[in-house]
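As given, the protein sequences belong to chains D and F, one line each in that order.
Per our numbering, residue 1 is the first one in the first sequence, and the count goes up by one each step.
Per our numbering, residue 1 is the first one in the second sequence, and the count goes up by one each step.
No lab work stands behind these hints, which were simulated from the structure alone.
Among the clues, some could well be false.
[As the list claims (entries may be wrong)] Cut-off 35 Å, straight-line C-alpha distance, at most; resulting in silico cross-link-like pairs (DSBU-like, lysine-lysine):
(1) D:K218 - F:K314
(2) D:K322 - F:K139
(3) D:K280 - F:K314
[Said to hold, decoys possible] Partial pick of chain D residues on the chain F-facing surface, computed with a CB cut under 7 Å:
(4) E47
(5) G49
(6) P50
(7) S139
(8) H140
(9) E200
(10) L324
Beta carbons are placed, not taken as given, at the ideal position from N, Cα and C, and that holds for glycine.
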Amino acid sequence: MAVITYREALRAAMREELKRDDKVVLMGEEVAQFNGAYKVTEGLLKEFGPKRVVDTPISEAGFIGLGIGASMLGIRPVMELMFWSFSYVAFDQIVNNAGNIRYMSGGLINCPIVIRGPANGGTNVGATHSHTPEAILASHPGIKVVCPATPYDAKGLLKAAIRDNDPVYVMENTILYNDKGEVPDEDYIVPLGVADVKREGADLTIVAHGRAVITSLKAAEVLEKEHGVSVEVVDLRSIRPLDEETILASVRKTHRALLVEENKPFCGVDAQVAYLIQSKAFDELDAPIHRVSSIDAPQIYCKRLEDQQLPDVNRVVREALKVLA
Amino acid sequence: MAEIIDMPKLSDTMSVGTLVKWNIKEGQTVAFGDILGEVETDKATMELSCTVPGTILKIYAPAGSQLPVGAPICAIGKKGEAAPEPSAAPAPKAAAPATAVPAIPEKTDVSCLPAAPASSGSVAPQSDASRAKASPYAKRMAEKAALNVAALSGTGPGGRVVGRDVAAAAAAPAVAAPAGPLNVAVAPPADGKGIQPDADVPVGGMRQTIARRLLESKVTVPHFYLEVEVDAAPLMAMRESLNKRLADAGADAIKLSVNDFILKASAEALRRVPAVNASWAGTSIRQHGAVHLSFGVALEDGLVTPVIRDAHAKTLKDIAVEAKALIGKARSKKLTPNEMSGSTFTVTNLGMYGVTGFFGIINVPNAAILSVGATIKKPVVDAQDRLVIGHRMVIGLSGDHRVVDGANGAQFLQALKQLLEEPALMLI
Numbered sequence: 001m002a003v004i005t006y007r008e009a010l011r012a013a014m015r016e017e018l019k020r021d022d023k024v025v026l027m028g029e030e031v032a033q034f035n036g037a038y039k040v041t042e043g044l045l046k047e048f049g050p051k052r053v054v055d056t057p058i059s060e061a062g063f064i065g066l067g068i069g070a071s072m073l074g075i076r077p078v079m080e081l082m083f084w085s086f087s088y089v090a091f092d093q094i095v096n097n098a099g100n101i102r103y104m105s106g107g108l109i110n111c112p113i114v115i116r117g118p119a120n121g122g123t124n125v126g127a128t129h130s131h132t133p134e135a136i137l138a139s140h141p142g143i144k145v146v147c148p149a150t151p152y153d154a155k156g157l158l159k160a161a162i163r164d165n166d167p168v169y170v171m172e173n174t175i176l177y178n179d180k181g182e183v184p185d186e187d188y189i190v191p192l193g194v195a196d197v198k199r200e201g202a203d204l205t206i207v208a209h210g211r212a213v214i215t216s217l218k219a220a221e222v223l224e225k226e227h228g229v230s231v232e233v234v235d236l237r238s239i240r241p242l243d244e245e246t247i248l249a250s251v252r253k254t255h256r257a258l259l260v261e262e263n264k265p266f267c268g269v270d271a272q273v274a275y276l277i278q279s280k281a282f283d284e285l286d287a288p289i290h291r292v293s294s295i296d297a298p299q300i301y302c303k304r305l306e307d308q309q310l311p312d313v314n315r316v317v318r319e320a321l322k323v324l325a
Numbered sequence: 001m002a003e004i005i006d007m008p009k010l011s012d013t014m015s016v017g018t019l020v021k022w023n024i025k026e027g028q029t030v031a032f033g034d035i036l037g038e039v040e041t042d043k044a045t046m047e048l049s050c051t052v053p054g055t056i057l058k059i060y061a062p063a064g065s066q067l068p069v070g071a072p073i074c075a076i077g078k079k080g081e082a083a084p085e086p087s088a089a090p091a092p093k094a095a096a097p098a099t100a101v102p103a104i105p106e107k108t109d110v111s112c113l114p115a116a117p118a119s120s121g122s123v124a125p126q127s128d129a130s131r132a133k134a135s136p137y138a139k140r141m142a143e144k145a146a147l148n149v150a151a152l153s154g155t156g157p158g159g160r161v162v163g164r165d166v167a168a169a170a171a172a173p174a175v176a177a178p179a180g181p182l183n184v185a186v187a188p189p190a191d192g193k194g195i196q197p198d199a200d201v202p203v204g205g206m207r208q209t210i211a212r213r214l215l216e217s218k219v220t221v222p223h224f225y226l227e228v229e230v231d232a233a234p235l236m237a238m239r240e241s242l243n244k245r246l247a248d249a250g251a252d253a254i255k256l257s258v259n260d261f262i263l264k265a266s267a268e269a270l271r272r273v274p275a276v277n278a279s280w281a282g283t284s285i286r287q288h289g290a291v292h293l294s295f296g297v298a299l300e301d302g303l304v305t306p307v308i309r310d311a312h313a314k315t316l317k318d319i320a321v322e323a324k325a326l327i328g329k330a331r332s333k334k335l336t337p338n339e340m341s342g343s344t345f346t347v348t349n350l351g352m353y354g355v356t357g358f359f360g361i362i363n364v365p366n367a368a369i370l371s372v373g374a375t376i377k378k379p380v381v382d383a384q385d386r387l388v389i390g391h392r393m394v395i396g397l398s399g400d401h402r403v404v405d406g407a408n409g410a411q412f413l414q415a416l417k418q419l420l421e422e423p424a425l426m427l428i
């Protein structure tokens, strides 16, 4: 099995799907000639030519609308947003048009579009470039949202997203782009709506998604070594559809839950997960559910403060010990 | 208007506090920030500073008393004002959160707290036993085990009954039955003169820790026991000859104890049978790469277990010197938490008291504990079938059967016996 980066895994997913299906096209700002703002699409213009890998003007509402229209006519566009923060410019297209057309056409029109790009804080790019809109988007029926944490999941989820007949929004993370991991050489997908137990444990369940999974796995190591606690880490992978059963099965096993995400806490993904657990596994709980999220403020520009704003290992360990008290 | 000051909640896990001492008397005037007294929690002794200036009207809880969080401890108000009566007397030593709710004349928004901003009303637990605080999981477990959660004492935050409390109660139903303080009915001595006055001695932090940890070990770890008798004569002979030589070293002289040899031999035996140097970790068994050897040191008011790190890599002399230093620190209560944590195996020794054999309770997360008895002279049958005077020592092993099986444990004792009977092997 090859060990490749998260960035290479995403690129491999797109290359394989471009090869497999000639309806697949890539579009976005700088994806072609500049090889991608974060070099995710590097080399794909050269390999597949300008009809399959298309540079767009700096106009998110315009080119996302273009992709949605194309997808309704049978093309399978994979749109890159330089930052998911810029999706707000194209919100009407992304939510109203892509999310509702299948319902409003009585099932006659599908919208098999993929929109992907980084959605994360922690890189000192300021409040307007650091949004994590997975919770906002996932609150709309008709939209699917995934947040891969590892190269394996990045490739498998992106391929599943491209093959899916509904709009699927893939939230990546620039801090993870250089993370390496094992990725099989053969064709595989990670199905949408299936969470993954990244570490088994008996005393506490940590539910996380995106980079918070990596932070939680490190915290689990510390908790085991320094506190003798056995922690299970559940990676949601898909925010919507949400794999309720994997979360509940883990809580039924450990009876304690800590939810970790890099979103802001108010109406975050974990607010939903906390509701789910208390609603369907109330009698299994041996302690109140706790959350670790980003500190509730616009993304702080000062790097040292921003590092404190995001959940880190110390904060996860500290909160885990409270749940375990 | 007078205000009642409650036993504050000074840590997440605190459910009961001991009023170690008062710095104030009734009638005394106190100002903001004055240190009223000291409170011992399960973790530390902390100062109680005043946030309500005024006159101490009444002290409800004498020094030395132990009270649940939220119980009234004193009242502060205007000079000459009558002290308010709490609605019920504070229940000393009630482990369960069922307690008196102080009668609060008005909604109070300030209280004497060192740090945590909580109003005196909000920390007082409910007195209604049917509303005993318990997690949903604990309630469900208790229902299955036919136990009354209201009768259990909770170890969770704020005295909440959690799963482990029900598990412990279910494993030891006789202990869990009484709802209130343990009532030990003892007939008074006939002539009125006992061996000592009847007394309920408050339980301090160290004893709480011993009680909690050993109870947890005994009810959650499936102990099994193995015993072997060792010919201690060669060990005695070697110790005597080494100590004779070492005594000549003048200022650097050290004296090797029997325990030093046993520690060294244990580390060596663990090298040979590493399966015993392990810990149960729920879904896996952690095999420890190094031997961190802990040993029991008895103190006047309890017991501590300092740790000799990397004992497998240390010489007999290293171990003897380090053990002596740790014992000294233990007796003067100078051991740091770091020096008492992270062990992989524990040795206890009651030989000096003439105890011939016993089995210790496993020091979790160790997989086993070694219990060493006294060396005694007794008749033995030697290799030539003659009856001779032997120097025999009985050593016992308590093992965690989740980690170690009888055969592993036996191999360990076999290795240890060989090392003790041919102590020259320890030199290699």
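Results for each hint:
{"no.": "1", "hint": "D:K218 - F:K314", "verdict": "holds, 32 Å"}
{"no.": "2", "hint": "D:K322 - F:K139", "verdict": "holds, 20 Å"}
{"no.": "3", "hint": "D:K280 - F:K314", "verdict": "violated, 55 Å"}
{"no.": "4", "hint": "E47", "verdict": "violated, 45 Å"}
{"no.": "5", "hint": "G49", "verdict": "violated, 51 Å"}
{"no.": "6", "hint": "P50", "verdict": "violated, 53 Å"}
{"no.": "7", "hint": "S139", "verdict": "violated, 28 Å"}
{"no.": "8", "hint": "H140", "verdict": "violated, 33 Å"}
{"no.": "9", "hint": "E200", "verdict": "holds, 5 Å"}
{"no.": "10", "hint": "L324", "verdict": "violated, 10 Å"}
Figure legend: structure checked against the earlier numbered hints; hints not met, in rising order: 3, 4, 5, 6, 7, 8 and 10.
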